[in-house]
Amino acid sequence: QKEVEQDPGPLSVPEGAIVSLNCTYSNSAFQYFMWYRQYSRKGPELLMYTYSSGNKEDGRFTAQVDKSSKYISLFIRDSQPSDSATYLCAMSASGGSNYKLTFGKGTLLTVNP
Amino acid sequence: KAGVTQTPRYLIKTRGQQVTLSCSPISGHRSVSWYQQTPGQGLQFLFEYFSETQRNKGNFPGRFSGRQFSNSRSEMNVSTLELGDSALYLCASSSRQADTQYFGPGTRLTVL
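Protein chains in written order, with our numbering: chain W, 1472 to 1584; chain G, 269 to 380.
So that you can see chain W by itself, here it is in the shape it has in the complex (with noise of 0.2 Å):
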C-alpha cells in the first residue's frame, strides 16, 4: 500500500462548479498537509498548508484533515478555467529540520467554461 494515494482523474467540471479533491494516507505520523498546484510545465505551487487536523480557508479554497479517518481533501467553490491543472497532495512527518515531502500523484482537473 502507497503511503499516500490519490485518485488521478482526470477530473472534468464546468465553471463555476465545486470541486472536491482528495488524498488519503496510511503513515500516522504524518503532521503536516498541503495542497500544491502544477501548471503544464511548471513547477508545483504551494495553495494550502495545515498543521494537524482541521480547516483551513482562503478566498475559494478550504483545505480540510481529519487526522483520525487519514483523510484530507480540498475544496474549490466558484471554479474557474484558470484552476485547470494538477493539484497534488504532499504531507510530512515533521516540519522544521525535516523538509521530505511524500506526494500523491495528482489529480488532474479541467474546469470548462
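To be clear, the hints were calculated from the coordinates, so they are not data collected in a lab. One or more hints might be untrue.
Quick partial rundown of chain G residues pointing at chain W, CB under 7 Å, derived from the structure [as the list claims (entries may be wrong)]: (1) G310; (2) L311; (3) F313; (4) N324; (5) L358; (6) T368; (7) F371; (8) G372; (9) P373; (10) G374.
Beta carbons are placed, not taken as given, at the ideal position from N, Cα and C, and that holds for glycine.
Starting from the structure of chain W, add chain G where the hints point.
For chain G alone, coordinates are given in the frame of chain W:
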C-alpha cells in the same frame, strides 16, 4: 523576492553519460530538497541538504548524488544515465521558520 531558480531548464543526454543540475534557493533559505517527477511514479524525494550537509535521503541508487555550497546553492549529479532517469527534476527550498517547501520550475531531463 526571487523564487527558486533551476538551470538548465531542458537537457538531452544519452545513456551512460552523466549530468549535473543546478538549483538556487530563495534568498535566506538554507534547506534545499530535490525531487524526481515521472508520470508513473509521481513526485519522489531524492535528498535534502541544510548548511552543506545531507540530512535526508530517499530510496534512489547511488548514481544520484548531490551537494550544497556555502551560499546554499545546490547541485545534483546523476552518473551512468539510464533511460528510466528521464524525468522532471524539481528543486525546493525552505526557511528555518517555514514548515513547507517552495519549488522551482524544474529541469526536464531526457535520456536517449
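Verification of the supplied hints:
1. Checking G/G310 against chain W by beta carbon gives a least distance of about 4 Å; that is within 7 Å, so the hint holds.
2. Checking G/L311 against chain W by beta carbon gives a least distance of about 4 Å; that is within 7 Å, so the hint holds.
3. Below 7 Å, beta-carbon pairs count as interface contacts, and G/F313 has one with chain W at about 5 Å; its hint therefore holds.
4. Below 7 Å, beta-carbon pairs count as interface contacts, and G/N324 has one with chain W at about 5 Å; its hint therefore holds.
5. With its C-beta approaching chain W no nearer than about 6 Å, G/L358 sits inside the 7 Å limit, and its interface hint holds.
6. The closest approach between the C-beta of G/T368 and any C-beta of chain W is roughly 5 Å, which is under the 7 Å cut-off, so the hint is satisfied.
7. Against a cut-off of 7 Å between C-beta atoms, the interface hint on G/F371 holds, since the closest Cβ of chain W lies about 4 Å away.
8. This hint holds: G/G372 has a C-beta 5 Å from the nearest C-beta of chain W, less than the 7 Å allowed.
9. Of the supplied interface hints, the one on G/P373 holds, with its beta-carbon coming within about 5 Å of a beta-carbon of chain W, less than 7 Å.
10. At a threshold of 7 Å, the smallest CB-CB gap from G/G374 to chain W is about 5 Å, leaving the interface hint in force.
Violated hints for the displayed structure: none, as all numbered hints are satisfied.
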